[in-house]
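Student: Start from the sequences and build out the full structure, keeping to the hints where you can.
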Amino acid sequence: MFIQQTMDLQEKLAILADAAKYDVACTSSGVERKGRPGQLGSAVYAGLCHSFAADGRCISLLKILYTNQCVYDCKYCINRRSNDVPRAAFTPEEVCRLTMEFYRRNYIEGLFLSSGVLESPDHTMDLLYQTLWKLRNECGFNGYIHLKAIPGADPALIERAGLLADRMSVNLELPTAEGLKKLAPSKDRNRILNPMRQIQRGIAAQRQGLVPYYGEERNAPCRWARQFVPAGQSTQLIVGATPENDYQMLTVAEALYKNYDLKRVFYSAFVRVNDDSLLPALPGGPPLLREHRLYQADWLLRFYGFSAGELLSETQPNFNVLLDPKCDWALRHLELFPVEVMTADYYTLLRVPGIGVRSAKRIAAARRSGRLDFPDLKKMGVVLKRAFCFLTCGGRMMYPVRMNRDFITAQLLGEEKRRAWDIGQKDSYRQMSMFDDGFLNPAPEPEDRYSAALGQL
Amino acid sequence: MMTIFTCADSFEGILCGVYDAWMSGLGHENVCLELADTGNLRLFAEYRQAEEDPKKAAKVTGAIRKKAGQEVYERVYRASLSCEEQKADRIYRFLVCALRIGPEVVNMLQLPAVYELFRMNRFVANEALHMIEFVRFSRTDGGILFGTVEPRNDVITLMAPHFADRLNAENWIIYDERRRSAVIHRAMGEWIAAELPDDSFREKLMESSDQKEFEDLWRTYHKHIAIAERTNPRCQMSHLPLRFRPHMTEFQEGRA
Numbered sequence: 008m009f010i011q012q013t014m015d016l017q018e019k020l021a022i023l024a025d026a027a028k029y030d031v032a033c034t035s036s037g038v039e040r041k042g043r044p045g046q047l048g049s050a051v052y053a054g055l056c057h058s059f060a061a062d063g064r065c066i067s068l069l070k071i072l073y074t075n076q077c078v079y080d081c082k083y084c085i086n087r088r089s090n091d092v093p094r095a096a097f098t099p100e101e102v103c104r105l106t107m108e109f110y111r112r113n114y115i116e117g118l119f120l121s122s123g124v125l126e127s128p129d130h131t132m133d134l135l136y137q138t139l140w141k142l143r144n145e146c147g148f149n150g151y152i153h154l155k156a157i158p159g160a161d162p163a164l165i166e167r168a169g170l171l172a173d174r175m176s177v178n179l180e181l182p183t184a185e186g187l188k189k190l191a192p193s194k195d196r197n198r199i200l201n202p203m204r205q206i207q208r209g210i211a212a213q214r215q216g217l218v219p220y221y222g223e224e225r226n227a228p229c230r231w232a233r234q235f236v237p238a239g240q241s242t243q244l245i246v247g248a249t250p251e252n253d254y255q256m257l258t259v260a261e262a263l264y265k266n267y268d269l270k271r272v273f274y275s276a277f278v279r280v281n282d283d284s285l286l287p288a289l290p291g292g293p294p295l296l297r298e299h300r301l302y303q304a305d306w307l308l309r310f311y312g313f314s315a316g317e318l319l320s321e322t323q324p325n326f327n328v329l330l331d332p333k334c335d336w337a338l339r340h341l342e343l344f345p346v347e348v349m350t351a352d353y354y355t356l357l358r359v360p361g362i363g364v365r366s367a368k369r370i371a372a373a374r375r376s377g378r379l380d381f382p383d384l385k386k387m388g389v390v391l392k393r394a395f396c397f398l399t400c401g402g403r404m405m406y407p408v409r410m411n412r413d414f415i416t417a418q419l420l421g422e423e424k425r426r427a428w429d430i431g432q433k434d435s436y437r438q439m440s441m442f443d444d445g446f447l448n449p450a451p452e453p454e455d456r457y458s459a460a461l462g463q464l
Numbered sequence: 039m040m041t042i043f044t045c046a047d048s049f050e051g052i053l054c055g056v057y058d059a060w061m062s063g064l065g066h067e068n069v070c071l072e073l074a075d076t077g078n079l080r081l082f083a084e085y086r087q088a089e090e091d092p093k094k095a096a097k098v099t100g101a102i103r104k105k106a107g108q109e110v111y112e113r114v115y116r117a118s119l120s121c122e123e124q125k126a127d128r129i130y131r132f133l134v135c136a137l138r139i140g141p142e143v144v145n146m147l148q149l150p151a152v153y154e155l156f157r158m159n160r161f162v163a164n165e166a167l168h169m170i171e172f173v174r175f176s177r178t179d180g181g182i183l184f185g186t187v188e189p190r191n192d193v194i195t196l197m198a199p200h201f202a203d204r205l206n207a208e209n210w211i212i213y214d215e216r217r218r219s220a221v222i223h224r225a226m227g228e229w230i231a232a233e234l235p236d237d238s239f240r241e242k243l244m245e246s247s248d249q250k251e252f253e254d255l256w257r258t259y260h261k262h263i264a265i266a267e268r269t270n271p272r273c274q275m276s277h278l279p280l281r282f283r284p285h286m287t288e289f290q291e292g293r294a
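Protein chains in written order, with the numbering used here: chain G, 8 to 464; chain X, 39 to 294.
Just so you know, these hints were derived from the structure itself, not from any lab. Just so we're clear, the structure is a prediction, and the values are computed from it rather than from any experiment. There's no promise every hint is true.
Unchecked claim - Below 27 Å or equal to it, Euclidean Cα-Cα: the simulated DSS-like pairs (lysine-lysine) are:
#	chain 1	residue 1	chain 2	residue 2
1	G	K368	X	K105
2	G	K141	X	K250
3	X	K261	G	K82
Stated by the list, open to error - Examples of chain X residues toward chain G, derived with CB under 10 Å:
#	residue
4	Y111
5	A202
6	L205
7	M244
8	R272
9	M286
10	Q290
Ideal placement from N, C-alpha and C gives every residue a C-beta, glycine not left out.
Tutor: Shown next, in the form of structure tokens:
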């Protein structure tokens, strides 16, 4: 497609926002930074969400591509070379202007800048670096910047760009090398992992105070001492484009957290934007429930002290459709329950379904000064609907509960959902019998699927 | 018979009420604190008006800081911004506990008085955070950023420090439409809180605004960043309830 020279900013923004939206990372967290006198911006450790789009995803950063022209032809990507879509490119001035004016009006928390590969990875990375340099040094922007590292770019460029950005990310996209070879033939797994390793080493060197100093140079990344990628790095995995199961996805994520010190792994339900025979057909739309379960499990890995091997295994490689991963785990480990609220340690409390990080902390703080009962737990944010089967207060349970899987599963699901459960998960938790009522159960209604997808279980 | 002390709806007013009720010597169970002008009077009770006096308020804050610490003081301040009618009495009941127990009182959610204050404090703090995220400024020709909010609780004083730091080189005003009050910041200077009962200044400000250009650009961006295949208005609604939307640029109609 011929590139119009006279495209106005409105059209460019529409095209390049459209092109960037399939990247899911949109958090502005990980760094706390006060404002600088005379400059624009600050950063909040927990991040801020300034708006929510019609798909319910948060809008924290101005998420745009520098250009959607690309030399690659990845099957899953809307911007692949062989697609006939309108192409556009910003100039560094336009990106700076948009960022500054949006930020000033409190529309955004910062900039998320990514790009298609224009000419070569080095050329593209240099353009991104020039843009950030201008934004930081000429415009005096002190807000959050998330920058994509372009795989295959010169490490020196990535290092300099890292001194201007708060967070950097390289997208792994597909969890296995075979998947990548099939869908992104011109990309190579090592070329993705190399910059990831480089950024990890840069962050580690930073901690030991070994930051390169460019202060005297004219085009130095920053005129004041800045940190290298202070908010850490993240990556993204596409869910459902290749036949990997949840167990494989989760072990890859766990390995990334352990070996590459990633702050976040994002999961993106695959949206079939290209008609390609190598891509799976998804008649039910993007695999949103699967994405949801992966995020739940990801939280369990990062904040609850679970490991991937506890949640899933070779023999049970996919998440339960009807139960969240923590309930599912608890049902398989009933021998550990019920736990006593007054004496269980923090990490044991965290493993109880219905208790989260905040409520566990509140319980741990409150029980020092007196006895707790179930109504008190409710005040502290415990979801008793799930937790009551697994807890005792002062040695008593809330209701008489039989500690067997069928009973508790039924309690957690409700009788209605239990029917759908019986059909999908037949024999998983109990033996078939001659008089089993399984065949009398109706099939799940469309409403059931809908509410399962929305997570209202 | 219950003695009810009425006090003004402000942090200082409530503290003066606390002081009078406490020092009346009638016993905690025989006194009650109410905001003045709530309109509803009880039959078998004696009403007394708490007199406002900065010295009394200072004595109470001094006692809170000394016996219960800064954390408790901040929580009481935030609770005093709440929109709930019974906040004065709740603060009183909480202070009865707090001054007896000390700083660790904030963790004792099993006590009803502590829980009520915790709840008010959480509501106010959460709303302040939402307003920090969702307030939208429009820029006048003179370079003043003007944002209108309509929070349930009186949170603009909690928003001001964030923006004074972040937009330190800008002139900005955050106007609370419900209470007709504002926080005003001068570039590179301090911020102040002000009552603005006459809102004719707004029209004056708004007529010279704005570079609609960026508002249109923002609406374009907001529309295009959503993935059509994932459309989920209920999820959007639970994160961004409708009550915030009237003042947000992206949900306002553009210039056609």
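Student: Hinted pair, alpha-carbon criterion (27 Å max): K261 of chain X, K82 of chain G. Please report holds or violated.
Tutor: 26 Å, holds
Student: Hint validation: L205 of chain X versus chain G, beta carbon distance must be below 10 Å. Holds or violated?
Tutor: 7 Å, holds
Student: Should the hint that R272 of chain X touches chain G count as held when the rule is a Cβ pair under 10 Å?
Tutor: 7 Å, holds
Student: Taking 10 Å as the limit, does the beta-carbon of A202 of chain X come near enough to a beta-carbon in chain G?
Tutor: 8 Å, holds
Student: Per the CB criterion, is Y111 of chain X less than 10 Å away from chain G?
Tutor: For Y111 of chain X, the interface hint is violated, since the closest Cβ of chain G sits about 19 Å away, which is over 10 Å.
Student: Min Cβ distance, M244 of chain X to chain G: is it shorter than 10 Å?
Tutor: 14 Å, violated
Student: Are the Cα atoms of K368 of chain G and K105 of chain X separated by 27 Å or less?
Tutor: 24 Å, holds
Student: What's the verdict on K141 of chain G and K250 of chain X, does the C-alpha distance respect the 27 Å limit or exceed it?
Tutor: 25 Å, holds
Student: Against chain G, is M286 of chain X within 10 Å by beta-carbon distance?
Tutor: Given a least distance of 7 Å, the restraint on M286 of chain X holds.
Student: Minimum Cβ distance from Q290 of chain X to chain G below 10 Å?
Tutor: Violated, about 13 Å.
The structure is inconsistent with the numbered hints 4, 7, 10, although it conforms to all the rest.
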